[in-house]
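Mind docking these for me? Both chains are given alone in their own frames, and the hints should help you get the complex.
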Amino acid sequence: MISFLARRIFAALPVMFLVALIAFSLLYFAPGDPAAVIAGDMAQPADIAAIRETIGLNQPFHVRLGIFLWNTFRGDLGISIFSHKPVTALIAQRLEPTLSLAVLTIIISIAVAVPLGTLAAWRARGLIDRIAMAIGILGFSVPVFVIAYLMIWFLSVKLAWFPVQGYTPLATNWSGWFYNLILPALSLSTVYIALITRITRASVIEVLSQDYIRTARSKGLSEHVVLLRHALRNAAVPIATIVGIGVALLMGGVVVTETVFAIPGLGRLLVDAILQRDYPVIQGVLILLSAIYVAVNLLVDISYAIFDPRIRN
Amino acid sequence: MTVILETTPSRYALWHRFVHQNLSVVVGGVLLLSVILIALVGPIIYSVDPNAISPLRRLKPPSTLYWFGTDALGRDLFARVIAGGRISLLVGVSVSVLSLACGILLGLVSGFFRSVDAIMSRVLEAFMAIPAVLLAIALMALTTASVGNVIIALTISEIPRVTRLMRSVVFTLRGQPFVEAAIASGAPIHHVLFRHILPNTLAPLIVQGTFICGSAIIVESILSFIGAGTPSSIPTWGNIIADGRTFFQIYPHMIFFPAVFLSITVLSINLIGDGLRDYLDPRMSRNM
Numbered sequence: 001m002i003s004f005l006a007r008r009i010f011a012a013l014p015v016m017f018l019v020a021l022i023a024f025s026l027l028y029f030a031p032g033d034p035a036a037v038i039a040g041d042m043a044q045p046a047d048i049a050a051i052r053e054t055i056g057l058n059q060p061f062h063v064r065l066g067i068f069l070w071n072t073f074r075g076d077l078g079i080s081i082f083s084h085k086p087v088t089a090l091i092a093q094r095l096e097p098t099l100s101l102a103v104l105t106i107i108i109s110i111a112v113a114v115p116l117g118t119l120a121a122w123r124a125r126g127l128i129d130r131i132a133m134a135i136g137i138l139g140f141s142v143p144v145f146v147i148a149y150l151m152i153w154f155l156s157v158k159l160a161w162f163p164v165q166g167y168t169p170l171a172t173n174w175s176g177w178f179y180n181l182i183l184p185a186l187s188l189s190t191v192y193i194a195l196i197t198r199i200t201r202a203s204v205i206e207v208l209s210q211d212y213i214r215t216a217r218s219k220g221l222s223e224h225v226v227l228l229r230h231a232l233r234n235a236a237v238p239i240a241t242i243v244g245i246g247v248a249l250l251m252g253g254v255v256v257t258e259t260v261f262a263i264p265g266l267g268r269l270l271v272d273a274i275l276q277r278d279y280p281v282i283q284g285v286l287i288l289l290s291a292i293y294v295a296v297n298l299l300v301d302i303s304y305a306i307f308d309p310r311i312r313n
Numbered sequence: 001m002t003v004i005l006e007t008t009p010s011r012y013a014l015w016h017r018f019v020h021q022n023l024s025v026v027v028g029g030v031l032l033l034s035v036i037l038i039a040l041v042g043p044i045i046y047s048v049d050p051n052a053i054s055p056l057r058r059l060k061p062p063s064t065l066y067w068f069g070t071d072a073l074g075r076d077l078f079a080r081v082i083a084g085g086r087i088s089l090l091v092g093v094s095v096s097v098l099s100l101a102c103g104i105l106l107g108l109v110s111g112f113f114r115s116v117d118a119i120m121s122r123v124l125e126a127f128m129a130i131p132a133v134l135l136a137i138a139l140m141a142l143t144t145a146s147v148g149n150v151i152i153a154l155t156i157s158e159i160p161r162v163t164r165l166m167r168s169v170v171f172t173l174r175g176q177p178f179v180e181a182a183i184a185s186g187a188p189i190h191h192v193l194f195r196h197i198l199p200n201t202l203a204p205l206i207v208q209g210t211f212i213c214g215s216a217i218i219v220e221s222i223l224s225f226i227g228a229g230t231p232s233s234i235p236t237w238g239n240i241i242a243d244g245r246t247f248f249q250i251y252p253h254m255i256f257f258p259a260v261f262l263s264i265t266v267l268s269i270n271l272i273g274d275g276l277r278d279y280l281d282p283r284m285s286r287n288m
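Chains as they are written, first to last, in our numbering: chain A, 1 to 313; chain B, 1 to 288.
The hints are simulated quantities; they were obtained by calculation from the structure and are not laboratory data. Treat the hints with care, as some may be off.
With a cut-off of at most 20 Å between alpha-carbon atoms, the simulated SDA-like pairs for lysine to any residue come out as follows [to be verified]:
{"no.": "1", "chain 1": "A", "residue 1": "LYS158", "chain 2": "B", "residue 2": "PHE247"}
{"no.": "2", "chain 1": "B", "residue 1": "LYS60", "chain 2": "A", "residue 2": "TRP153"}
{"no.": "3", "chain 1": "A", "residue 1": "LYS158", "chain 2": "B", "residue 2": "HIS253"}
{"no.": "4", "chain 1": "A", "residue 1": "LYS158", "chain 2": "B", "residue 2": "PRO252"}
{"no.": "5", "chain 1": "A", "residue 1": "LYS158", "chain 2": "B", "residue 2": "GLN249"}
{"no.": "6", "chain 1": "A", "residue 1": "LYS85", "chain 2": "A", "residue 2": "LEU275"}
{"no.": "7", "chain 1": "A", "residue 1": "LYS158", "chain 2": "B", "residue 2": "PRO61"}
{"no.": "8", "chain 1": "A", "residue 1": "LYS158", "chain 2": "B", "residue 2": "THR246"}
{"no.": "9", "chain 1": "A", "residue 1": "LYS85", "chain 2": "A", "residue 2": "ASP33"}
{"no.": "10", "chain 1": "A", "residue 1": "LYS158", "chain 2": "B", "residue 2": "PHE248"}
{"no.": "11", "chain 1": "A", "residue 1": "LYS219", "chain 2": "A", "residue 2": "HIS230"}
{"no.": "12", "chain 1": "A", "residue 1": "LYS158", "chain 2": "B", "residue 2": "ILE250"}
{"no.": "13", "chain 1": "A", "residue 1": "LYS85", "chain 2": "A", "residue 2": "GLY56"}
{"no.": "14", "chain 1": "B", "residue 1": "LYS60", "chain 2": "B", "residue 2": "LEU73"}
{"no.": "15", "chain 1": "A", "residue 1": "LYS85", "chain 2": "A", "residue 2": "ILE55"}
{"no.": "16", "chain 1": "A", "residue 1": "LYS158", "chain 2": "B", "residue 2": "ARG245"}
{"no.": "17", "chain 1": "A", "residue 1": "LYS219", "chain 2": "A", "residue 2": "SER209"}
{"no.": "18", "chain 1": "A", "residue 1": "LYS85", "chain 2": "A", "residue 2": "PRO34"}
As the structure is a prediction and not an experimental result, all values here were calculated from the model.
The following block holds chain B by itself, in its conformation from the complex (with noise of 0.2 Å):
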């Protein structure tokens, strides 16, 4: 008789044990690469010009030569969802990085030195008192239509919620021993910002970071829809579900195909935010 005392789990229970413990980051991440995957390489293989009109294909529903139907300047609405998919990508991982770095900054000096944080406050609460949509639109309104212009003005909307977060969590943070231990054996303030108190904060600021993610991409969809984001020449999620406007109770293809990548892409980007939060911050994961 072998008594067997020990065993090393196979390869593979190792792997069923992970994705089942994170099924919400492993479905979101292999959407989301998808997603990422069609918006990269499909206009290298898929070579139609999104914006190439032709009068002779106008309004055609879906088929074979055209996967996703035509709209209604004959523009092909596969070539357009694929493009659009870069952008929208694009402007989410931009906004939140942009708005990370900033937040970041802000609420390191900001939960850390009482008499900038009093002054802040106020200026973040009133920031805040401004729904980000509307800021964002009211920000759009001022610039020109670019895809610049709208990565600054979601930026601008999302750093207060940021900067509060990050001015929480270091308000927690300074009273910890370590902390008043590295300011009484004398580091700089610098140091112990940097390599005290940052290392510490990244865990909830990285989920934060996948959530800002996630709604750039839809409020990105939602100034190119109401006409005050990206130039409509340019082929956005947002742009093309607003072509299709007109064209919706006849041909829903037009609107159906850019709604459908959009919701995939953020419901993606939200389970791994959920899933980071669980696996980050056990704590919470029991309620939320």
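Chain A extracted, bound-state conformation (with noise of 0.2 Å):
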């Protein structure tokens, strides 16, 4: 078990050494010259000239990517070109709304999608599996600001149940937050819940059609046991490693849900960041969404070897 963890956890680091690498070039090759923009307008070329200096950027390639590498690996991801804080501040403000709208998302989706997607195997091609099937498809066809807006219109505007936009600190109030978060957990969780309900179905129909699912039945245990203790738990495997790849759709998601409903998270930090061309803040965000990303996979993978034991080798 001890090496099972030790070789997943070497294999995650060569992928992060190449995302900071990616992340790096970024800023390395963008157009303008930082420089001139931490200067402001006022300055006179030896000014800029002093601040290249000062801040490496007369160092050759090699030697800044080593700078920048001890940098991230310490934590410390730059200074914002426009607010003049430190990047790793301006993220940790923006954390809060951004891991609870992930977090209410995974929940929501996991909760549908995996009972949906259990029955819809349970009788395939019965009423349930149509309806999961149409979800499965349409949930991939209908871009998520499209459900956010319909939302909007029908709950919030029409209706009036939920706040249009916004949101509330936890700390402040909790039924607040849970009110604020609650249609964009929804429309975010359409496309998560079309994939995890597809891989569910597809994996619980293919545990069913084993022998012991047959010897279970035979030896007249009933059918929520069948399903729940024998498919299910057998198809956990595949389930689990779909919603780990999925917090990729998830992160792309939330960039466009936290506009549509002005949530103050990462996704706003990066847009407006990248209309401002705000390069440190843009690698900033994208390494630490990609460290996410990589964590939850790596946990994915430790979880299996937890519940299965024939992974470990």
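Following this line, the structure appears as structure tokens:
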């Protein structure tokens, strides 16, 4: 088990290194002179040259890369060109809304998709299956902001059940937090529900054709025991994998959802940084989100090994 | 009494069976053809300039004069939506063709040569660790906003997935007897790769290509919507929706029409993709 853990973590390191390299190249090849932007409109060429020297822009590629990697490793992501605040501080301010949205979305998606996919597989070609397949294809076809505006239009504008947009910090008022987040989380979860439903259905159908399921049924176990204890449990690995991989979809969706619902999270930070060409912020958010994605998938991998001893070797 | 031993089914019966067995391809195909027709022929018949500004006809709801209404600058939304269709289809098709071409080449090499694969896999994993939408956003931040750059950015973020698929298909093929026979009989490597392996990988790649086309259209609209895609002067569905955001609560038609077109287009492409997968890969169709 220990060697399995070590191997998985070791395999994730080069990936993170390359992610940091890609993010660094982004800043390196970005058009425009960061020194000139930092110096401001009134700066003389001498001031700009001095700034270039202090922040190390005159160093060759590999030296700057080395400094960048070391700083990133220490948790220093540089300074925003526009607000002149450390990128880590900017990210810290924006982390809570994004994490809240992501966690709520994942909970809703799993709670809807796993039962739906299992029932669809249990009575394949039945009514629930057809509904599940329709959701499975619609979720992939209707973009998240379209669903978001549909929900705002019906539930917020017409029925006035939910606030149109905004965010309430968890510490202020947890019911307000939930009330503000429920529509964004529902819209964001559609594509995720589609993904998990499809995989759950496919893997449960696969498992249900196995011999041990026939054995379980023939020894008189009730259907729900067969489904939950035997089928779903053996289908858990592909489902967990897709939940992990789906986090990538989720992160793309977060950017859009936060824009539609005016949630002050990392997605908004990224969009604003792009509009202002604030490269250190773009870079920092990119590295953080990729690191979260890699970490989630690492946890998923490790969780299989805990639940399924066959995978450890 | 006559006994009919053998009947050739009527043309209608054959057609009926084809439609019934491939319902999703037929429905998707009809929808997609209508969208293509509207996007290609629409601007010729309905020759209103999608960018013509007119303060006199600002914020008009849909009517017989302005089918989809007008936006805050008085631009005709019907003209804008059909013009946007051209961009979306162009982006979808270009991205799937380009990323398939690059992914097929990289995947062939990576799947066939173990030494290349060791390095390539790590690089692909790193690219895949950056969520596709974010990678496209980051690439767009590097360049100027244009349709060509959106196509390049989306292609780069799709290539790793195609390469991975191609690589795994090539992996299973290279152990097959017919490939080993070709190698043993002294066929040159390029002959083995392009004549023996490539044709056998096409089915899953065509299916993947349709899904890439759908997802590229969605990501393009996302990029435009958040202001990181095509310049706002070009009418794309994402840009039209972004323009309508401020007025959405009073004039929902500004978002409704581009959103419906966007969703139907992607839905039709995904229906075709699902149907093709069932048709080309019967093993998968049982489950998915």
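Against the structure, the hints come out as follows:
no. : hint                : result
1   : A:LYS158 x B:PHE247 : holds (15 Å)
2   : B:LYS60 x A:TRP153  : holds (19 Å)
3   : A:LYS158 x B:HIS253 : holds (15 Å)
4   : A:LYS158 x B:PRO252 : holds (12 Å)
5   : A:LYS158 x B:GLN249 : holds (9 Å)
6   : A:LYS85 x A:LEU275  : holds (18 Å)
7   : A:LYS158 x B:PRO61  : holds (18 Å)
8   : A:LYS158 x B:THR246 : holds (17 Å)
9   : A:LYS85 x A:ASP33   : holds (18 Å)
10  : A:LYS158 x B:PHE248 : holds (12 Å)
11  : A:LYS219 x A:HIS230 : holds (13 Å)
12  : A:LYS158 x B:ILE250 : holds (11 Å)
13  : A:LYS85 x A:GLY56   : holds (18 Å)
14  : B:LYS60 x B:LEU73   : holds (10 Å)
15  : A:LYS85 x A:ILE55   : holds (15 Å)
16  : A:LYS158 x B:ARG245 : holds (17 Å)
17  : A:LYS219 x A:SER209 : holds (16 Å)
18  : A:LYS85 x A:PRO34   : holds (15 Å)
Violation of the numbered hints given earlier is absent; every hint is satisfied by the structure.
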